[in-house]
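Novice: Read off the chains here:
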Amino acid sequence: MSSEPGGQGLASTGRVSRLGDLDYAPAPESAAIVSIADAYGLYIDGHFTDPERHESFATLNPATAAPLARVARASAADVDAAVQAARRALPAWSALPGAERAKYLFRISRIIQERQRELAVLETLDNGKPIRETRDVDIPLAAGHFFYYAGWADKLAFAGFGPDPRPRGVAGQIIPWNFPLLMAAWKLAPALAAGNTCVLKPAETTPLSALALADILEQAELPAGVVNIVTGDGATGADLVDHPGIDKLAFTGSTEVGRQIQRRLAARGLPLTLELGGKGANIVFDDAPLDEAIEGIIDGIFFNQGHVCCAGSRLLVHEGVADEVLRRLRRRVDQLRVGDPLDKNTDVGAINSAAQLARIGELVAAGEAEGATRYTSACPLPAAGYWFAPTVFTDVAPAHRIAREEIFGPVLAVMTFRTPEEAVAKANDTTYGLACGVWSEKGSRTLWVAQRLRAGVVWANAYNRFDPASPFGGVRESGFGREGGRHGLEAYLDV
Amino acid sequence: MIAASGPGTAVVEIPSGSRVPQVASEAQLRTVLAGLSGVDAVGVAARAAKLATRSLKRETKRRALDLAIAMVDLTTLEGADTPGHVAALCAKARRPDAEDPTCPPVAALCVYPDLVATARAHLAGSAVRVASVATAFPAGRASLPVKLADVAEARAAGADEIDMVIDRGAFLSGRLGQVFEEIVAVKEACGPAALKVILETGELGTYDNVRRASWLAMLAGADFIKTSTGKVAVSATPPVALVMLEAVRDFAESTGQVVGVKLAGGIRSAKEALRYLVLASETAGSTWLEPGTLRFGASSLLTDLLLQRRSQRTGAYARREHVSVE
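Quick mapping for you: the protein sequence lines, in order, are chains A and B.
Per the numbering used here, residue 1 is the first one in the first sequence, and the count goes up by one each step.
Per the numbering used here, residue 496 is the first one in the second sequence, and the count goes up by one each step.
To be clear, the hints were calculated from the coordinates, so they are not data collected in a lab.
Any given hint could be a false lead.
[Stated by the list, open to error] Subject to a maximum C-alpha distance of 25 Å in a straight line, what follows is the list of computed BS3-like cross-link-like pairs (lysine-lysine):
| hint | chain 1 | residue 1 | chain 2 | residue 2 |
| --- | --- | --- | --- | --- |
| 1 | B | K552 | B | K726 |
| 2 | A | K442 | A | K426 |
| 3 | A | K344 | B | K556 |
| 4 | B | K726 | B | K766 |
| 5 | B | K766 | B | K545 |
| 6 | A | K344 | B | K766 |
| 7 | A | K344 | B | K545 |
| 8 | B | K726 | A | K344 |
| 9 | B | K726 | B | K556 |
| 10 | B | K556 | B | K545 |
In isolation and in its complexed conformation, chain A is listed as follows (with noise of 0.2 Å):
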């Protein structure tokens, strides 16, 4: 067999100008869809109220630096409101038959859903992040906890903790910037499923998306006292933390805060979860689909700008098709588009603020100083604002410091291997465990390789995706306790 080579046929009819490249213009969601106001109060026992020491504090828009709004912050003595609502509220909430605590969930959920354009302007806004994402991804998963819990209601005798499970009673609820309301959503459907009532403490650069979700408890007819938000920064966490009458805590960001929380409880025999910070190890394999394996590298590093917990911020892989995937990877960072985050066609938006951006530029230094390769992407920054150039990192070694710290930012450390065992040490080689990706099309290797890393997630072929019915959380460094599906309930019943 042979065969010549074609060519005649593709001579260009000469007469059609070529596209050139496909230069998107601009395509901006428009911001009027909503209406910030000038300054938030507390919401605690179904209103808005003013902080008793009538002080406030700017929220930003990270994309141009410009504040958005005045937003409470809370004293101990409003946390301490805010708990005496929740703990009135608590008897006739948890009374509630279950079908009727659904009713609420449904309806929240039903109300995100109808309200879903506005919030995800308000969360982009507020938080940096692209349209696309907080559009189809974090305002959808939001509206679709709270359906998913509502369902469990009703049904908590049958959840397999008991034929009578109770309530914690009150919940304290301290949640990240990275997915605001996703992570409020998180937080407040299983609890109020299960009959517990609620304080959330929203994060300091992030609470816009709380407080109209304060909106949305009202327009549901939420019972007062049923969810309280208190904004604030560490010091109103820290208050809610010390507060003698929560039942319950659950927070999710930094361990180092994380270890703070599990300090100040020692001692209390608080029922604690904890979600906490990640190095996530993406493994390629040389069997691995790899333009898939290439668009989850991507997805796992440059999704919400690496904000995400369980970013696959290391890429571990196999030496003999690193060049390639590395050729791939870098061409695929150079088409990413940066820039404003109200654009429908931006793929990575801004840092969510000054100090978090600090943080990614020190250990980028870092990462060059200790000798590892830098390759970042000529796309243009806005000049106003935060904003980082998505980057790979190669030549890392084990010991770098981009290779063993958090930098929750859009920095992928590459690393290779040889064996799956030594991929699978790699992996390991951290004090964190939240979540890996494996990725081949040998079954068998997958599954050898998923039960041996310590880690709370892996995906097989895939990264970062999530479902209100899939449990979520971490092991060792990475906090402990679930989030999602039947297992998220165990942290708000007293089994």
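Use these hints to put chain B onto chain A, whose structure you have.
Specialist: Showing chain B alone in chain A's frame:
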């Protein structure tokens, strides 16, 4: 306003000079195809769905609509086709929008072999090419001499491009050498005419098979790989297009040989066509953003493209009556 940077378009470096490997045996062919990376079905669907969210506005949309029109292989493959119908389509192909001379002509008119002469006559003097299906279209169930005679007839009548079908039965039963040799033989019979090889992806069953069939066709000398005949239940889909665009990109990078992609069957709206342009741009790059390398095989698609083009130009939704009916 904050600018968004990064073009989205993939930058693909194609080496100069063609280095397509000579396939000396079926065993060698089998080894090459088995060595291709597998396709994860969930991942490829997710990637295609994500690219479908790209938003084309203003000048980008206007240029993309014009390009899509210029990429159309205006197609009529019905038992009821007549010379009169084909003549009407020829007029449409030359000047799709009767009221707007700035509208580009389509790339080609695609007909059965017996109507090639009619099309040729009515397209004389225009740049619109005449494409003909051949090789016992659409099932491909005939002996090789019959298929070659089919091609020869279309060629003799003046076809510029031949759309052949592969023998799916042979492919699915593992007779890869037979499929390869048929394509080689048809390519030789085509002479200077461009050869589009229809994989009929709706009958191949898996994305792995789509990738392997794409490479098989390219190694055998295809100028285009084409999704479908339009005669089975499932035709072009975004994930299938993505796998084929990855195949032509990887083939070009490793051999220097640029092979086109024709998406055919089931593409009816301008919105779908623009999504395929996005897929081509972000997967294979700007080399595949011209009619020489990307085609839409369709009949009703052109109508919607013309309506959307008018809407873009006038700022108002165009009435269906503004586009001629053939």
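Novice: Against the earlier hints, flag every one the structure doesn't satisfy and list their numbers going up.
Specialist: Violated hints: 1, 8, 9; rest satisfied.
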